[in-house]
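Keeping their order, the protein sequence lines are chains V and Y.
Going by the numbering used here, 81 is the number at position 81 of the first sequence; the sequence numbering is gapless.
Going by the numbering used here, 165 is the number at position 50 of the second sequence; the sequence numbering is gapless.
Rather than coming from a laboratory, the hints here were simulated on the basis of the structure.
Keep in mind that this is a model prediction, so the values were computed, not measured.
A couple of the hints might just be wrong.
What the hints assert, rightly or not - The calculated lysine-lysine pairs, modelled on DSS-like cross-linking and capped at a C-alpha distance of 27 Å, are:
1. V:Lys68 with Y:Lys159
2. Y:Lys153 with V:Lys52
3. V:Lys68 with V:Lys52
4. V:Lys68 with Y:Lys132
5. Y:Lys167 with V:Lys52
6. V:Lys56 with V:Lys68
7. Y:Lys132 with Y:Lys216
8. Y:Lys167 with Y:Lys216
9. Y:Lys159 with Y:Lys216
10. Y:Lys216 with V:Lys77
11. Y:Lys216 with V:Lys56
12. V:Lys77 with V:Lys60
13. V:Lys114 with V:Lys77
14. V:Lys56 with V:Lys77
15. V:Lys60 with Y:Lys216
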Amino acid sequence: GNSVTQMEGPVTLSEEAFLTINCTYTATGYPSLFWYVQYPGEGLQLLLKATKADDKGSNKGFEATYRKETTSFHLEKGSVQVSDSAVYFCALFQHGSSNTGKLIFGQGTTLQVKP
Amino acid sequence: DAMVIQNPRYQVTQFGKPVTLSCSQTLNHNVMYWYQQKSSQAPKLLFHYYDKDFNNEADTPDNFQSRRPNTSFCFLDIRSPGLGDAAMYLCATSRDTTGGKLFFGSGTQLSVL
């Protein structure tokens, strides 16, 4: 079945460092791909998405490119801030019949940014 | 301005004692989801409603049930909680089931004693 695998955390960086969080997926067809972020004490919220191969999703300085050849959707940011400390979830959307489409998540990667 | 509200934030129950978690939304979305998230694991979909149509995941235990009395509210009932059911329960909504953009509540952390 479809699945998502993320790099294990926690990832600890100093402020202004470069961030990469790896995400790979297994799927039939070409699903839409997503990054969700969960700040402390809050629910998950959509960070960015890409719907087809070679698309780049971007938001708040974060970017991820849909790579069909490597089945990857790595999250990157050039200069992280303390406020980026959160848990990041990679996900794919699995289409289904009769309103049964659903998101499948990776296990999440905790990012800690130190001043 | 909370759009998906889950109550309570923390819930403690006893082994085998039925418990109900609640979720409400102000977005008027058609779809409401319940996910179970255990520590350091991926959120796992239990079931979802498209309007009044209930869709149960194949591997969701019978111990878990859900009700959606109207568009705004959805409940998760755990009939006989076991220690393994301790987890964060996430409610989410979406306009439809085609796009993958979900709006999440803050979750209810369930402890089973």
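Results for each hint:
no. : hint                   : result
1   : V:Lys68 with Y:Lys159  : holds (25 Å)
2   : Y:Lys153 with V:Lys52  : violated (31 Å)
3   : V:Lys68 with V:Lys52   : holds (9 Å)
4   : V:Lys68 with Y:Lys132  : violated (48 Å)
5   : Y:Lys167 with V:Lys52  : violated (31 Å)
6   : V:Lys56 with V:Lys68   : holds (12 Å)
7   : Y:Lys132 with Y:Lys216 : violated (35 Å)
8   : Y:Lys167 with Y:Lys216 : holds (20 Å)
9   : Y:Lys159 with Y:Lys216 : holds (16 Å)
10  : Y:Lys216 with V:Lys77  : holds (22 Å)
11  : Y:Lys216 with V:Lys56  : holds (17 Å)
12  : V:Lys77 with V:Lys60   : holds (9 Å)
13  : V:Lys114 with V:Lys77  : holds (15 Å)
14  : V:Lys56 with V:Lys77   : holds (13 Å)
15  : V:Lys60 with Y:Lys216  : holds (17 Å)
When each numbered hint is compared with the structure, violations occur for hints 2, 4, 5, 7.
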